[in-house]
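Student: Sequence:
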Amino acid sequence: MAVSFPIPSYFTAIFIISRLMSIIGISKHWNNKLRPPLDNITDKLSLDPSAIESASQDFGHIVKSIPKAVLQPSSIVDIASLINFSYNSSIPFTIAAKGHGHSVRGQAMASDGVVVNMTSMKKHRNGTGIWVSNDGVYADVGGEQLWIDVLNATLKHGVAPVSWTDYLYLTVGGTLSNGGISGQSFRYGPQISNVYEMDVITGK
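Everything in the sequence shown is counted per the working numbering, starting at 1 for the first residue and increasing by one.
Watch out, some of these pointers could steer you wrong.
In silico DSS-like pairs for lysine-lysine, Cα to Cα no more than 25 Å straight-line [to be verified]:
hint, residue 1, residue 2
1, K122, K44
2, K64, K44
3, K156, K122
4, K122, K204
5, K156, K204
6, K44, K123
7, K204, K44
Distance windows between CB atoms, simulated [claimed, not checked]:
hint, residue 1, residue 2, range
8, S133, D43, 31 to 37 Å
9, Y138, E53, 36 to 42 Å
10, K64, D140, 33 to 39 Å
11, G183, K123, 29 to 35 Å
12, Y188, S90, 42 to 48 Å
13, G158, I91, 51 to 57 Å
14, L151, E197, 16 to 22 Å
15, E53, I91, 22 to 28 Å
16, I91, S193, 34 to 40 Å
Just so you know, the hints here were simulated from the structure itself, not pulled from any lab data. Keep in mind the model is a prediction, meaning the values are calculated, not measured. Positions of the beta carbon are idealized from the N, C-alpha and C atoms, including for glycine.
Take the sequences, apply the hints, and build the full model.
Tutor: Encoded structure:
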């Protein structure tokens, strides 16, 4: 949950970006051209210590990388705005997507950058994050969804994914980003080989 501060939200955004810019010790004048892309996500950037701490580690507990902020997106537009801001910033910063954080060596971390809490999108979809086609040939699934929920949703239609991981409490985006190797891979290939189409957020 984003923390409320007794200061204007835009000032909070400037403060966050200023902290990001201070990583390499360079001070730049604020560019007004960059203001519009950031305005719509200012209240979704969290500096809450517990959110920062959670985003700074993963399941492996081998690496710890502390981000400057955590984005709690409600849609892909929020993520695109953050990426676009980094692209157009005089000093781009690291952005990492994190689902349930089951990576083991910091793959979902962003040292001195911004971690995107993908699970935040799930509560904003109002149950529309998983859609199964009428013929059961495919399912349209958000990257923040858990495989256990995908399985349960497809079983209602009498079908199931042909390839999934042994542990199902992982996000779809998380396993696909690593290929998705499972016990069914020898027959059906990894999960990524069974994806018909994928939307990639570039921010451009």
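Student: With respect to the beta-carbon atoms only, verify the hint that L151 and E197 lie 16 to 22 Å apart.
Tutor: Check passed, 20 Å falls within 16 to 22 Å.
Student: Does K156 pair with K204 here, judged by a C-alpha cut-off of 25 Å?
Tutor: violated, 38 Å
Student: Taking the CB of S133 and the CB of D43, does the distance hold inside 31 to 37 Å?
Tutor: Between S133 and D43, where Cβ atoms are some 36 Å apart, the hint holds.
Student: Taken at face value, is the distance from the CA of K122 to the CA of K156 at most 25 Å?
Tutor: holds, 20 Å
Student: Go ahead and decide if the range 42 to 48 Å is satisfied by the Cβ distance of Y188 to S90.
Tutor: holds, 47 Å
Student: Taking the CB of Y138 and the CB of E53, does the distance hold inside 36 to 42 Å?
Tutor: holds, 38 Å
Student: Go ahead and decide if the range 29 to 35 Å is satisfied by the Cβ distance of G183 to K123.
Tutor: Distance hint for G183, K123 holds at roughly 31 Å.
Student: Run the distance test for K64 versus K44: straight-line Cα separation, threshold 25 Å.
Tutor: Status holds; Cα separation ~23 Å.
Student: For the range 51 to 57 Å, tell me whether the beta carbons of G158 and I91 fit it or not.
Tutor: holds, 53 Å
Student: Range hint 22 to 28 Å: satisfied by the CB atoms of E53 and I91?
Tutor: holds, 25 Å
Student: Could you grab the alpha-carbon distance between K122 and K44 and see if it respects the 25 Å cut-off?
Tutor: Status holds; Cα separation ~15 Å.
Student: Please test the hint of 34 to 40 Å on the beta carbon pair from I91 and S193.
Tutor: Check passed, 38 Å falls within 34 to 40 Å.
Hint compliance for this structure: hint 5 alone is broken.
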